[in-house]
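FYI, in numbering that gives the first Met the number 0 the residues of the sequence shown are 0 to 197.
Rather than coming from a laboratory, the hints here were simulated on the basis of the structure. By construction, the Cβ of each residue, glycine as well, lies at the ideal position given by its N, Cα and C atoms. Hints are not guaranteed to be accurate.
Straight line, CA to CA, 20 Å or less: simulated EDC-like cross-link-like pairs of lysine to aspartate or glutamate [stated by the list, open to error]: (1) 156 x 142; (2) 184 x 166; (3) 84 x 105; (4) 79 x 154; (5) 153 x 166; (6) 156 x 78; (7) 84 x 154; (8) 79 x 105; (9) 71 x 154; (10) 84 x 142; (11) 71 x 105; (12) 79 x 166.
If you anchor each label on the Cβ, the simulated ranges turn out as follows [unchecked claim]: (13) 54 x 121: 16 to 26 Å; (14) 52 x 182: 48 to 58 Å; (15) 52 x 179: 34 to 44 Å.
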Amino acid sequence: MATRRCREDDDAVALIVALATMSGPLRQMRTYLTRGNLLGNPLADSPWAYLWSAQNNQAFITTMGVDVHTFKTILTPFEKLWNSKTIPRGDVNPQGEPQLARRLLDAAGCLGLVLHWLCSTMPCYSLQQLFAIALAVCLQYLDTGLRHLLTALKDFKPARILWPSTEHAIQPYSDAIEKKFPCLKRCFVFMDGVNLPV
Numbered sequence: 000m001a002t003r004r005c006r007e008d009d010d011a012v013a014l015i016v017a018l019a020t021m022s023g024p025l026r027q028m029r030t031y032l033t034r035g036n037l038l039g040n041p042l043a044d045s046p047w048a049y050l051w052s053a054q055n056n057q058a059f060i061t062t063m064g065v066d067v068h069t070f071k072t073i074l075t076p077f078e079k080l081w082n083s084k085t086i087p088r089g090d091v092n093p094q095g096e097p098q099l100a101r102r103l104l105d106a107a108g109c110l111g112l113v114l115h116w117l118c119s120t121m122p123c124y125s126l127q128q129l130f131a132i133a134l135a136v137c138l139q140y141l142d143t144g145l146r147h148l149l150t151a152l153k154d155f156k157p158a159r160i161l162w163p164s165t166e167h168a169i170q171p172y173s174d175a176i177e178k179k180f181p182c183l184k185r186c187f188v189f190m191d192g193v194n195l196p197v
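Work out the full structure: start from the sequences and follow the hints.
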């Protein structure tokens with residue numbers, strides 16, 4: 000039994016040495032996809048294209064954290080920026096005319112990419128598969144899309160978070176919290192997950 004195990008170990012070592020000397024330096028494993036690994040046209044053949052054409056609230060909420068109506072509401076100011084600005088690259092004139100016909104994703108696709116990225120912990124290669132875009136494009140569109148989203152939401156009134164400023168405005172929130180948690184008096188904000196005696 001011990002002799003057999005020694006022989007197997009010797010064979011394994013010999014195999015490793017042979018492979019190492021025959022193949023030269025070992026290549027580092029890639030964790031991204033190339034264009035050949037992806038579906039065809041990102042605007043027509045990708046899982047994102049199907050999700051966008053279906054316009055299903057549950058699918059939008061599950062993958063991007065917003066329903067279809069909210070997505071379209073955010074898309075309006077986002078699209079103006081997407082269609083009027085170039086994507087920053089070393090070989091592109093920043094004051095030049097955007098080449099919309101040459102982009103792999105339209106404004107809805109870029110916003111979808113950004114919201115997928117913000118609402119998930121998926122690796123970049125999963126985003127590449129969903130949107131059928133190569134890594135460099137994915138990273139450029141994420142960077143540009145995040146900037147556009149921030150700019151679009153800064154002046155967008157429905158996206159503002161407003162704290163109640165008067166006692167009259169605070170009272171309905173306080174009443175709702177006190178009704179569920181009688182120990183909490185005169186509160187207008189409550190954090191889920193707090194362990195309180197009920």
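Each hint, compared with the structure:
1. 156 x 142: Roughly 24 Å between the alpha carbons, so the hint for residue 156 and residue 142 is violated.
2. 184 x 166: holds (13 Å)
3. 84 x 105: Within the cut-off at roughly 13 Å; holds.
4. 79 x 154: holds (13 Å)
5. 153 x 166: The given pair, whose Cα atoms are some 27 Å apart, is violated under the 20 Å limit.
6. 156 x 78: The hint holds at about 17 Å.
7. 84 x 154: holds (18 Å)
8. 79 x 105: holds (11 Å)
9. 71 x 154: Cα-Cα ~16 Å, so holds.
10. 84 x 142: Given that 20 Å is the threshold and the Cα spacing comes to 13 Å, the pair holds.
11. 71 x 105: This hinted pair holds, its Cα atoms lying about 13 Å apart.
12. 79 x 166: This hinted pair is violated, its Cα atoms lying about 39 Å apart.
13. 54 x 121: 16 to 26 Å: holds (22 Å)
14. 52 x 182: 48 to 58 Å: holds (50 Å)
15. 52 x 179: 34 to 44 Å: Holds - the Cβ-Cβ distance for residue 52 and residue 179, about 41 Å, lies within 34 to 44 Å.
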